[in-house]
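Participant: Chain by chain, the residues run as shown.
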Amino acid sequence: MLAAWLVYLILRPALTWVFTQAEWQVIVTNFRLFMRGQYPDEAVWRLWVGIYFLALVMGMSWGVWGQAARTFAALFGAAALLFVLLPFSLNARLNWVGVLITLVAAMLLARNRAALKPWVILGWVILLPLTIVLTAGAAWLPFLSPVAPRLWGGLLLTLMLTIIGNTLALPLGILLALGRRSSLPAIKSFCIGYIELWRGVPLVTVLFMAQIMLPLFLPAEIRVDPVVRVIIGLTLFEAAYQAENVRGGLQAMPRGQFEAAYALGLNGVLTMLFIILPQALRLVIPALLNSFISLFKDTTLVAIVGLFDLLLIGKTTLAQPDFLGKYREVYAFLFVVYWAFSMMFSYASQRLEKTLGVGTR
Amino acid sequence: MSAPASDIIIECRDVHKWFGHFHALKGINLTVKRGEVVVIFGPSGSGKSTFIRALNRLEEHQRGQIIVDGIELSNDVRHIEAVRSEIGIVFQQFNLFPHLTVMQNITLAPIWVRRWPKSKAEATAMELLERMGIPEQAHKFPGQLSGGQQQRVAIARALAMQPKIMLFDEPTSALDPEMIKEVLDAMKALARSGMTMVVVSHEMGFAREVADRMIFFDVGMIVEEGSPEQIFSAPQQERTKLFLSQILSPRRMN
Ligand SMILES: Nc1ncnc2c1ncn2[C@@H]1O[C@H](COP(=O)(O)OP(=O)(O)OP(=O)(O)O)[C@@H](O)[C@H]1O
Ligand SMILES: [Mg+2]
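Chains as they are written, first to last, in the working numbering: chain A, 1 to 361; chain B, 1 to 254.
The following block holds chain B by itself, in its conformation from the complex (with noise of 0.2 Å):
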């Protein structure tokens, strides 16, 4: 907690959840540093996505404080309209807009909430498909283009908002394996190029080679933390090790 405050972008405080009788998050401590790449895994329904999706809140926490740049979420429609024009986020299923072209898709949000001239979003729209690889995608729709390059429209889609923070929960386990590698290349040299991001993934490759730091999730709660070093070759927590074994040993590809 020595870091100034304009240093620390998302604070999470003692973070509770619940889905009815369910207690799924039981209170996640957790900042992230400007610049800083968090990778999070765990163990299904562990939580990770309830967690991620409550820092844009698509889920409401009900107790403790989440602030995000300095605002904290609550039920002020206008905080949380705010704070999610500064956080991307990916989804698994990607989320496209299927009624839309590419184009489309990534010009909409700047267009109508940044209220940006549409030739500037098409601009920067075109300039993010090039950084993904994509450019001749543009005028296509998502359902005539592979699962890899509709991820990186959605990655495109979510920086075309110029955001602070970019969220990703699982961007690469619905994708067949040989369009994997695309999509995690795309996110590398978003790592690289100083973004905040918060991760989901269970791709220890990629998590070795840009985290800056793991967490381990388990039953709702932040079980263990530390550098990649750390998380890979001294585990403090058994069920770290555990889990770490059962992900690693039959599929070690990279």
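Here chain A stands alone, though its shape is the one from the complex (with noise of 0.2 Å):
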């Protein structure tokens, strides 16, 4: 009761100044800013292109798997529907309206439609190359001609930080863990010195190797994309976490599993594959989680090497004159941004967890 009374209190101020108070213009006018960065116009429509092709697979796993996918469907109909409400321009407005439209029909053509799991699998697989492919261009693709990496900014360039790193630092992680416990001590020591410079080293120092030293090293000829840099970067740091989050779950596993599948004729490789990395994986999902969320909040120091990620392109709104000292309706506009992404990354961790819990209890 003084809980929610104590919560009222905030709260109502909170609330009258959003909605009476505050003068959102900054955010409205700046919103491609803010989601998108210097990314061209022209190009914007691979964009979309990604998000219809999300908003296809998201509809379809609502469609076949049901209950266990409703959710995050549904949060993502919810933004995009809010995305329709808000005074956006009417071009985006409507793009919201098909996205929306292409999740609802996703799902009623996948429901009841087993048959579908495996595509919408590969949907899944496909969906980061494809955006990235998308977004990036290549000069010898039709149609996606390509744009530099580092007119990436704004949202885009957070989410593109953060699930491209941890999606390639989670193999890499795995390696490492299991290179760490082999029986050649050269690839053992090699794997531990890895895990333990990289966790010896602040990621700002990792930020600024990447961005100022990395250039010295390389001859002239080879120029890398900054934004590239960072994520190599990001990767190379990201790994040696995720490698000792997997650890914990190696370590964990009892040597009659190990013992099991080789008595059977199984061999080391058949061996972690099937039988050890699925439940160790399985056991440190949250960990694997929390690196994660963790990793998409310290996206926001990529700022101190001048990308323009979601925190430095608000700053930068702040030094617009028509929008001078509207530094509450920014950085209320970020928190809710950072802040929903987080929840729904670990909402999404709860989810998984217990979606391949089955059958271990």
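Simulated from the structure, these hints should not be mistaken for lab results. Remember, predicted model here, so these are calculated numbers, not experimental data. Just so you know, even glycine gets a beta-carbon here, dropped at the ideal spot from N, CA and C. Accuracy of the hints is not assured; some may be wrong.
[As the list claims (entries may be wrong)] Beta-carbon label-pair distances, calculated as ranges:
hint : chain 1 : residue 1 : chain 2 : residue 2 : range
1    : B       : 189       : A       : 115       : 38 to 48 Å
2    : A       : 192       : B       : 77        : 20 to 30 Å
3    : A       : 68        : B       : 178       : 31 to 41 Å
4    : A       : 350       : B       : 245       : 42 to 52 Å
5    : B       : 64        : A       : 132       : 55 to 65 Å
6    : A       : 286       : B       : 81        : 30 to 40 Å
7    : B       : 209       : A       : 268       : 51 to 61 Å
8    : B       : 178       : A       : 132       : 20 to 30 Å
9    : B       : 140       : A       : 104       : 50 to 60 Å
10   : A       : 132       : B       : 189       : 56 to 66 Å
11   : B       : 45        : A       : 113       : 43 to 53 Å
[Claimed, not checked] Beyond 10 Å from chain B on every Cβ pair, some chain A residues (computed):
hint : residue
12   : 74
13   : 180
14   : 222
15   : 282
16   : 347
Join these two chains into a complex; the hints should help.
Facilitator: Set out below in structure tokens:
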């Protein structure tokens, strides 16, 4: 009761401010900047294709798995609906209507069709590569002229850094964790050395190294885009942490599981692949997702080396003559965005634990 | 040693094993013929598990020779994997794979080691589950089964590789009394089907019924061996007598 009353006391002025006093024009005007930084207007349709594809896969997941994917799809739909209602450009709002329709249509199409499951899984697997190809383009692809990653900004950059960094770091971390248990001393000490080295260095240092030192070591002809350099730095850094998470899971595996597998004639690779890793990774899902969320929040550090992530975009809008001093609005907005994504990731983590927990208890 | 070589499937010569300074196996000599059922018993810590696990190299021995179906166990990985796929083992703690269904537990090795097509592996698995009396459990996870059912799945999993030898390390000692019988019955049926079996067990009723030979282990050595009649009615060694009187008197059930 007391707690509820306190929350009310705090929330009331906050809500009053949100709905009556705050001037959200700064967000509305700069919304594109917040979402995608300097990403060129003529290529924006490719981001939309990515979002439509996400809606398609999400809707189909909802259809074939029902309850396990429903909340996600509902959240996604709610966000889309919110964007339809908010005062953005007509074009954007129409697109969000389209996304909503895609989501629902995909759900209806896939409902009760278990045979589609492999395709939906395939969809999730190619989602990230597809989005990257769409976003970055390439000289040899028709219609997809290259957009240099250094033009990526805002939420687009923040999400790309988080998701690409984490997706690459996990397999690398698994390999490092396995290497750490290797009976070959060279591999073992390399992995231990790698893990301890990277865990001993603050992320900021890694970012400075990637941005300032790396180009000094590389020959002058090889120019790596700053965003790519940062992604490499984040991945190598995050891999060390994920390796330690995975190692925790490997250590928790009872010896009997190894023995039962070996006794059946499975070799070391098959044993790891089918018996040990699936169980060990499942055990450490909370830790893995925790690192994922940490990295999401840590991406704000890339502003220090000059990448226009969401936070830095926020700061630049505050320097616009029209919106001087609107820091409350800007930071409230950033707070909500970061919070919403963190919540979503941690909800995903719980969901994943529950879904994969089947049969272990 | 008069039997022709092909008749002998396991041959151990002067097998020694140390854990650090601890001498766990002190020169084991044993031959097992095809189709023979050997029951090993003895006090806790006497090296029974260590010995049976050495037979498929879950433990490495440091001296002596172990030859299984003509292949000597050495550090050569290829030999080890070849031997292991010919030997099934059932553990005290079942050691089923909890993240896989019963069916997947049983078909994994036939599919990936024997390279059987999935349909053949599944058909074999169903036959085995029927033999074990639990065909209806095929699509459950191990955690949803009783201990006795789990152990029968473990037996089916080992049998699915069509092994020439089955090893059992106290397969019933983690089970509640009412489930022991169902597992022992499955093992008896297996013994009668002609399978070569080496069983560590203190189920003396089982031993009396199906064992061809009984072996008494103590402090890492074979103290006595003989047929069940010899062991039960006329044990030669004092330690065998003492041990038998200890395990037989308080809990004679069958
Ligand atoms: N991995 C190990 N490291 C060190 N000592 C071990 C190890 N495994 C077994 N031992 C020791 O070797 C001896 C024999 O163990 P083993 O498990 O073979 O006995 P057992 O006859 O099977 O006993 P139980 O009836 O309790 O299962 C014991 O004293 C045990 O403490
Ligand atoms: Mg034992």
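Participant: Would you mind marking each hint as holding or not holding in the structure?
Facilitator: Checked hints:
The hinted range of 38 to 48 Å is satisfied by residue 189 of chain B and residue 115 of chain A, whose Cβ atoms lie roughly 41 Å apart. At about 25 Å, the beta-carbon gap between residue 192 of chain A and residue 77 of chain B stays in the expected band of 20 to 30 Å. Here the CB-CB span from residue 68 of chain A to residue 178 of chain B is close to 38 Å, well matched to the stated 31 to 41 Å. Between residue 350 of chain A and residue 245 of chain B the Cβ separation comes to about 58 Å, which falls outside the hinted range of 42 to 52 Å.
A hinted range of 55 to 65 Å for the beta carbons of residue 64 of chain B and residue 132 of chain A is consistent with their spacing of about 59 Å. The given range of 30 to 40 Å is respected by residue 286 of chain A and residue 81 of chain B, whose C-beta atoms sit roughly 36 Å from each other. The hint said 51 to 61 Å for the Cβ distance between residue 209 of chain B and residue 268 of chain A, and at roughly 40 Å that hint is violated. The hinted range of 20 to 30 Å is not satisfied by residue 178 of chain B and residue 132 of chain A, whose Cβ atoms lie roughly 59 Å apart.
In this structure the hint that residue 140 of chain B and residue 104 of chain A lie 50 to 60 Å apart at CB is violated, the actual value being about 36 Å. A hinted range of 56 to 66 Å for the beta carbons of residue 132 of chain A and residue 189 of chain B is consistent with their spacing of about 59 Å. Hint check: residue 45 of chain B to residue 113 of chain A, Cβ distance near 59 Å, so the stated range 43 to 53 Å is violated. No beta-carbon of chain B is positioned within 10 Å of the beta-carbon of residue 74 of chain A; the least distance is around 29 Å.
Residue-level check passed: residue 180 of chain A sits 21 Å from the nearest beta carbon of chain B, beyond 10 Å. Annotated as non-interface, residue 222 of chain A keeps its C-beta farther than 10 Å from every C-beta of chain B; the closest such distance is 42 Å. Chain B draws residue 282 of chain A into its interface by the beta-carbon criterion, the shortest separation being 7 Å against a cut-off of 10 Å. The Cβ of residue 347 of chain A sits about 23 Å from the closest Cβ of chain B, beyond the 10 Å cut-off, so the non-interface label holds.
When the structure is compared with the earlier hints, violations turn up for hints 4, 7, 8, 9, 11, 15 and for no others.
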